[in-house]
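Chemist: The primary structure of each chain is shown beneath.
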Amino acid sequence: MSKKSTVKSRERIIAARNKSIVGDTLSSAIKLNGISKSFGHVHANKDIDLDVKKGTIHGIIGENGAGKSTLMSILYGFYQADSGTIEIGGEVQKIKDSQAAIKAGIGMVHQHFMLVENFTVLENIILGAEGGSILNKATNNAREELARLEKEYALEVDPNAVIEDLPVGLQQRVEILKALYRGAEILILDEPTGVLTPAEADHLFRILGQLKDQGKTIVMITHKLREIMAITDDVSVMRRGKIVATRKTADTNVEELAELMVGRSVLLNVEKKKSKVGDVKLSIENLTVKDSRGVIMVDNVSLKVHAGEIVGIAGVAGNGQSELLKVISGISKAKSGRVILDGKPIGVMGKADPRKLRERGLAHVPEDRHHMGLVLPFEESENSILGYQNNTEYLNGPFLNMDAIRADADEKIEQYDIRPPSSKLKTANFSGGNQQKIVLAREMERDPVVLIIGQPTRGVDVGAIEFIHKRIIEMRDAGKAILLVSVELDEIRSLADRVLVMFAGRIVGERDPSASEGELGLLMAGIEDKPVDDDVIEAKTLENGETKK
Amino acid sequence: MDLSTVLQILDSTVRLSTPLLLAALAGLYSERAGVFDIGLEGKMLGGAFGAAAAAAVFGSAWAGLLAGIGVALAMSLVHAFASITAKGNQIVSGVSINFIAAGLTVLLGQTWFNRGGRTPQLSSDERFSSITLPGVELVADIPFFGPVYRELISGHNLLVYVAFLMVPITWWIIFKTRFGLRLRAVGENPAAVDTAGISVVWARYRAVMICGILCGVAGTYLSIGLSAGFAQNMTAGKGFIALAALIFAKWKPLNVMWTCLLFGFLDAVAIRLQGVSVPGIGTVPVELMQALPYILTVVLLAGFIGKAIPPKAGGVPYSKER
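Protein chains in written order, with the working numbering: chain A, 808 to 1356; chain B, 8 to 329.
Since the hints were made in silico from the structure, they are not lab data. Be a bit skeptical, because a hint or two may be false.
Covered by chain A, per the in silico footprint, the following chain B stretches (three or more residues, Cβ under 8 Å) [as the list claims (entries may be wrong)]: (1) 98-105; (2) 203-213.
Here are some chain A residues the structure puts well away from chain B; computed CB gaps all over 10 Å [to be verified]: (3) S843; (4) A907; (5) A908; (6) I909; (7) E930; (8) E937; (9) G939; (10) P974; (11) K985; (12) L1064; (13) T1095; (14) I1192; (15) L1207; (16) G1333.
From the three backbone atoms N, C-alpha and C, an ideal C-beta is built for every residue, glycine too.
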């Protein structure tokens, strides 16, 4: 990072802070005292004290399962704390349900939007705050109020649009409007950027900044360090149900926060040597895929993956990556085009059989381990051979050779450090990171020719991410051809040797992984070689200034 | 075929589609709120029995209506408890309600009235009898409109008018009121309703209770409107046909009316054609005619109506725990 941009970003933060000092810095918007909550034997939150100052943006960062969402759910009345008190604006409040939270001026933007998809924007906004038992009059009032809010906060959205027709960025805007419509003074955002493009995320941050300027208090939960650095005033780090530290954002840095999150120092950049590229192992030619409604999901995609390289496909979720993976792995059919695996075509128009493809050396780590990768009620050992159960080493005549399966599973548990180390445990009882390791161990230990991986670290904690990234690089160095799909741009940039960007079903560009985030972000938003406007420049400075260390 | 034959068929279409319409609208409330209800049949049967029994004992059609609604409402509360509060499987609960109704009505009927499961024959005072609308005489001489008004529009009992009036009322409630907005929302995404600070449980309970009330009216119509007493299994699958009509109508009130009228019309034609010799075919077997509505349902549902998308959260009990 250049010195100039550091100074710039610091200035921004300081300017923002001064603004809030002018406001009412000393008084607390939210004060939590000794909040604890357990589910059965699991302590989700342990003795939490938190002080969020009025008119600031307060970040809460932690790994998955650290208890961030539970804490916010308690604040929003979704759960009841076992002990502890909540003060809102200096008064102790009993928040027994969401209604009480709304009354106390708290609005929440959930990670998975709480919107009724086939309702209009207006219907979603008034739901629960209709203002009368007959809708006509209520909707007219709501429309006026909405117009006022839109103007005040520059949050334009067509009130008559149906939610499912809107892009996610706008859906999120509706969620924010919903909270403002209810007169929220405190806004809680749970992982707000998970589904957004970098440009959309920057737009969101601008909106949040504006809300702060108007005196609103914002609590943002995230596991992305760069977001914390970019917009928060204060940051609290959670680990295993506890708040382990609270810092002024300006006084801390990414390394310190990462260390606090996992309790040890982590490698944030993947170390890798230059790749030794071999022959083409996977070749996709003019592949087009339509979904059941006949909509084109993958549009004339061509790409090649060589032995010993990782080709990363970046893009916002829902731009055809899932469909592409499904066709390559033989799960669904293509409309036209060819996929050539190790020199021989696979029948993408209908004859492909996932099992035959496996036998030919294609390993697939599916995007969604819960739906496609694992049978959660099964034992770990059963999942660790799923799909390979017909291999002779696991069979004893027509029966499964459970001893061999167990021994095999135990070996993988050892190698991949799967915890708890029990092959008899139900898979559902493992954490997300360990479940992912079960899938990876199964697919990687087959010595495949081609490895296709979707979202390798979705819902996986930082410690496991590091391990998974290392393994993927090891596979590459062992000469495997790897196709990697991820919505985490950082992941693609640190792992891939070549980056392809997918937008609206097409590959819109190929870049070197060292290309700037802003450049890739533009491609991800479908903007190709267009003149750069002011917004984008601002977004870029923000990123360049505060993401790299 | 002359006008009077046509009118007769249409007249019985209205009579026969009324119980379907009431039951399908009942199902609409419940299913729009996300509670699937396969027990429309059982609730209707229970309501029919309750109405006939009370009408016989108290000698009043109104007492019958009250009892019919009461019985069906109680049964709907059982379904509500099982599928909303206890988060059980809605299909299992619905099926059990059907079985309980089929068995209990006969058992209680035999115990109380000793007529092989039937209730006593009701006199016309104890039934809902036909109402002659005002002005029938006045317009009698107007060609076409006169007979249509006399035969088709006038001359039904109160519950028929209630059923058809419920169509626009239901539309208005579902689409134009706060209650309806929340009802549709709990059927689509209960979590959104919960986070908006509204009770999902209470919204669903209310919808299921309305369903019970309408099923009760449907049953009452069958036993003391259309017939003069309760007979064993007198619903004869009407609850299931109503369910089919509801899906066929894609859970929309006005469409529900048209599909119920269609099924009622098929029924009316079937009755009319029994024993009649059709040129070129000969006598149409009674069984075939009786099966026609069901065959049509299967054929229509199998692919002639396009995709019927049910409420997204339908059949899924809501729990906020993750």
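Chemist: Taking the hints in turn, state whether each one holds.
Modeler: To see whether the hints hold, each was checked on the structure:
Three residues within the 8 Å Cβ limit are the bar, and the stretch 98-105 of chain B against chain A gives 0, so the coverage statement is violated. Residue count for the stretch 203-213 of chain B with a Cβ under 8 Å from a Cβ of chain A: 3. That meets the three needed, and the coverage hint holds. Every CB of chain B is more than 10 Å from the CB of S843 (chain A) (nearest about 18 Å), matching its label as outside the interface. Not every CB of chain B is more than 10 Å from the CB of A907 (chain A) (nearest about 8 Å), against its label as outside the interface.
Chain B draws A908 (chain A) into its interface by the beta-carbon criterion, the shortest separation being 8 Å against a cut-off of 10 Å. Taking the minimum C-beta to C-beta distance to chain B, about 5 Å, the non-interface status of I909 (chain A) is violated against the 10 Å cut. Distance check on E930 (chain A): its Cβ comes as close as 6 Å (rounded) to a Cβ of chain B, failing to clear the 10 Å threshold; non-interface status is violated. Against the 10 Å criterion, E937 (chain A) falls within the reach of chain B, whose nearest CB is about 4 Å from its own CB.
Residue placement check: G939 (chain A) does not keep its beta carbon more than 10 Å from all beta carbons of chain B (closest about 7 Å). With a minimum CB-CB distance of about 19 Å to chain B, P974 (chain A) clears the 10 Å threshold, and the non-interface call stands. For K985 (chain A), the shortest C-beta to C-beta distance to chain B comes to about 8 Å, within the 10 Å cut-off, and the non-interface label is violated. The Cβ of L1064 (chain A) lies farther than 10 Å from every Cβ of chain B, with a closest approach of about 26 Å, so its non-interface assignment holds.
Every CB of chain B is more than 10 Å from the CB of T1095 (chain A) (nearest about 24 Å), matching its label as outside the interface. The beta carbon of I1192 (chain A) sits about 30 Å from the closest Cβ of chain B, which is more than 10 Å, so the claim that it is off the interface holds. At roughly 31 Å, the least C-beta separation between L1207 (chain A) and chain B is larger than 10 Å, which holds for a residue marked as non-interface. Remark: the non-interface label on G1333 (chain A) is consistent with the geometry, its nearest Cβ contact in chain B lying 29 Å away (cut-off 10 Å).
Violated hints for the displayed structure, listed by number in ascending order: 1, 4, 5, 6, 7, 8, 9, 11.
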